[in-house]
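Asker: Spelled out, the chains give:
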Amino acid sequence: MALYSEKVMEHFRHPRNVGVIENADGIGEVGNAKCGDIMKIYLKIEDGIIEDAKFETFGCASAIASSSMATELIKGKPVSEASALTNKAVAEALDGLPAHKVHCSVLAEEAIKKALQDYYGKLSEGV
Amino acid sequence: MRIYLDNAATTKMSRTAVDAMLPYLDTVYGNPSSLHSAGQEAAEALDNARERIAKCLGCPGKEIIFTSGGSEADNQAILSAARAGARKGKKHIITTAFEHHAVLHTLKKLEREGFEVTLLGVHEDGIVLPEQVDDAIREDTCLVTVMYANNEIGTIQPIKAIGGICRDRGVTFHTDAVQAAGHLHIDVKEQNIDMLSLSAHKFHGPKGIGALYARKGISLEALIEGGAQERGKRAGTENIPAIMGMAAALEEACGSIDENARKLSALRDKLIEGLSEIPHSILNGDAFRRLPGNVNFCFEGIEGESLLLLLDDKGICASSGSACTSGSLDPSHVLLAIGRVHDIAHGSLRLTLSEENTEEEIAYTVRAVKEAVEYLRGMSPVWRALISGEQEFIIK
Chain A
22 MALYSEKVME HFRHPRNVGV IENADGIGEV GNAKCGDIMK IYLKIEDGII EDAKFETFGC
82 ASAIASSSMA TELIKGKPVS EASALTNKAV AEALDGLPAH KVHCSVLAEE AIKKALQDYY
142 GKLSEGV
Chain B
54 MRIYLDNAAT TKMSRTAVDA MLPYLDTVYG NPSSLHSAGQ EAAEALDNAR ERIAKCLGCP
114 GKEIIFTSGG SEADNQAILS AARAGARKGK KHIITTAFEH HAVLHTLKKL EREGFEVTLL
174 GVHEDGIVLP EQVDDAIRED TCLVTVMYAN NEIGTIQPIK AIGGICRDRG VTFHTDAVQA
234 AGHLHIDVKE QNIDMLSLSA HKFHGPKGIG ALYARKGISL EALIEGGAQE RGKRAGTENI
294 PAIMGMAAAL EEACGSIDEN ARKLSALRDK LIEGLSEIPH SILNGDAFRR LPGNVNFCFE
354 GIEGESLLLL LDDKGICASS GSACTSGSLD PSHVLLAIGR VHDIAHGSLR LTLSEENTEE
414 EIAYTVRAVK EAVEYLRGMS PVWRALISGE QEFIIK
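Protein chains in written order, with this note's numbering: chain A, 22 to 148; chain B, 54 to 449.
Some hints could be false.
[Said to hold, decoys possible] Derived EDC-like pairs (lysine to aspartate or glutamate); straight-line CA-CA distance at most 20 Å:
hint : chain 1 : residue 1 : chain 2 : residue 2
1    : A       : K135      : A       : E27
2    : A       : K28       : A       : E43
3    : A       : K55       : B       : E443
4    : A       : K55       : B       : D383
5    : B       : K65       : B       : E412
6    : B       : K423      : B       : D100
7    : B       : K367      : A       : E113
8    : A       : K28       : B       : D365
9    : A       : K55       : B       : D365
10   : B       : K423      : B       : E408
11   : B       : K449      : B       : E330
12   : B       : K162      : B       : D193
13   : B       : K323      : B       : E304
14   : B       : K367      : A       : E27
15   : A       : K96       : A       : E43
16   : B       : K269      : B       : D100
17   : A       : K28       : B       : D383
18   : A       : K65       : A       : E102
19   : B       : K260      : B       : E304
20   : A       : K109      : A       : D68
Honestly, the hints are just simulated from the structure, not real lab data.
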C-alpha cells in the first residue's frame, strides 16, 4: 500500500490556493521550523463570507495537501462554517491520512482558526 | 524511467550474485548439518563461501559468523563484548553520536542494564578523531564501537588509528562496516579491528544475510540458541542460497573497488558541484573523506519528504533525513550530531550512487533537484521570511 491516498498525492502534486493575499483580512501561522511544519493561511473576507483563501506551507506532502484541502473546504463559505472546520473533516476529504500524519490536518484546522481570530481582532480594532 | 539513487538503503543484486544463488535454490538443497551426501554438498558450499568472504576481509574463515544481516551482527558484537566486560567488572562502552540505530539502540538497552555509554561528539566534517577515543577510554571500558563509514553522510572514519589505540589500551574494538564493505579496502588484521559487521544487500548481494567477523580470542555469545551451527554462536539452518550470493557479491565488489571508486567519485563530485549551485544549500560531511557514492545536502527553507516525493514523480529514488521520513518528530540524529540545527536538518536529501548510474542521470538529477527545491521554496513561508529579510539565513 502506498504511504498516501491518491487524493493526498493529487493535492500535493497540484496544490490549490498556493500563495499570498495582499492586505488579507486574516492571517494565521502555526507550527515551527524545528518540528518541520509551518502553515500560513491568508483569508479575504467580505460580508461574513470567505471570498478567498491562500496558503504557504513548509512541510511534508501531507502538510501541503492538508493546506490545499482546507483552503478548498472554506472558500465561499460563511465565516461561521469555516471556524467549525475540523481536522477530521480535512483528513476525511483527503481520503484519510496515515496515523503519524494526522497532525498535519490539525495544523490546517489551527491555521484557519488563527486566521479567523486575526480577522475578528482586526474587526474589533476597526470598531 | 527510473533513476535509482538510494544505494545506501539497498542495492540491486548483481547478475553474478543471482547466478551464484540459483543452484542453491534449486538443486543443492541439503542441510549442511546432515551427514549424507546432499548435506555434505551444502556444507562444502558453506565452507567455500566462508573462506571467500574471509579472504575479502583479510582473516581466516573460522573468524566469520553468518548472521541475518548488519543489525544482527551489530547486536551480537556489542552484546558479546558487554557480557564479557561485565564478567571482569568493566561496564563502560564508547561509541559515537552518529552510529546506526542497530548500534545505538543496543547500547540503550545495555544502559538500562546498568552499563555506562559515552557518546563521542562528531566534528562538523562528520569525522571522529582517534584522540577523542583515546581520551574517553577508562579502566572499566570494555568496548569501543565506531562505524567505518556513516550511512547518511558517507564520511569515512580513521578506523586503523582508532583500532590501534584500542589495541594499545587493551579494549575490544568493533566497527559497523555495513556501508564500507565492498566499497572500501578492508583488512581487519592490518586495521586492528577485533569485530566487524557487514550486510550483503549493500554491495549488490541478497537481503537478509550478513556476517560478523570476530577475531580469535573474542568471546561471542549466541543471540539465537538452538543448534551447533556457526560453532554454536548462531543457531538456525544456514541460509545457503543467500550466503552463496553474498560471497559472490563481495568477491565481485572487492575485485573492482578501485575501478568503481574512480567512476563513482567522479559522478559524485559532478552531483555535488551541480547541487552546490542551489543557493543556500550545504553539503553534509567532508567533501573528500566520504564514500565514493555518497552525496548528502541540506537546502534551507524546504522539507525533505516533499522533496523526495517530487523527485519520485520525476523518476528519481532518493532519501532524506527529515522527521517525516524518519517517522519521529526529530530529524536525522546524524545531521544533528554534525551540528545541523533542526530547521536545516528537515531539508536534507541523500543521493547514493552505484556503478550503474550514468553522467546523463546525474545531469538530469541536478536539474530535477534544482526545479523541485525552487518549486517548494515558492510555497514556503520560511523561504519568504528568509528572502524578505524577516529571518536570517542559517546557510549563507
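Asker: Each hint needs a verdict: does it hold in this structure or not?
Answerer: Do the hints match the structure? See the list:
1. K135/A x E27/A: violated, 29 Å
2. K28/A x E43/A: violated, 29 Å
3. K55/A x E443/B: Cα-Cα ~17 Å, so holds.
4. K55/A x D383/B: holds, 8 Å
5. K65/B x E412/B: holds, 19 Å
6. K423/B x D100/B: violated, 50 Å
7. K367/B x E113/A: Between K367/B and E113/A the Cα gap is close to 28 Å, so the pair fails against 20 Å, i.e. violated.
8. K28/A x D365/B: Status holds; Cα separation ~17 Å.
9. K55/A x D365/B: violated, 25 Å
10. K423/B x E408/B: violated, 24 Å
11. K449/B x E330/B: With a Cα-Cα distance of about 13 Å, the restraint between K449/B and E330/B holds, given a limit of 20 Å.
12. K162/B x D193/B: holds, 19 Å
13. K323/B x E304/B: Violated, at about 28 Å.
14. K367/B x E27/A: holds, 17 Å
15. K96/A x E43/A: holds, 17 Å
16. K269/B x D100/B: holds, 18 Å
17. K28/A x D383/B: violated, 27 Å
18. K65/A x E102/A: With a Cα-Cα distance of about 15 Å, the restraint between K65/A and E102/A holds, given a limit of 20 Å.
19. K260/B x E304/B: The given pair, whose Cα atoms are some 17 Å apart, holds under the 20 Å limit.
20. K109/A x D68/A: Given pair K109/A, D68/A is violated - Cα atoms ~27 Å apart, limit 20 Å.
Checked against the numbered hints above, the structure breaks hints 1, 2, 6, 7, 9, 10, 13, 17 and 20 and satisfies the rest.
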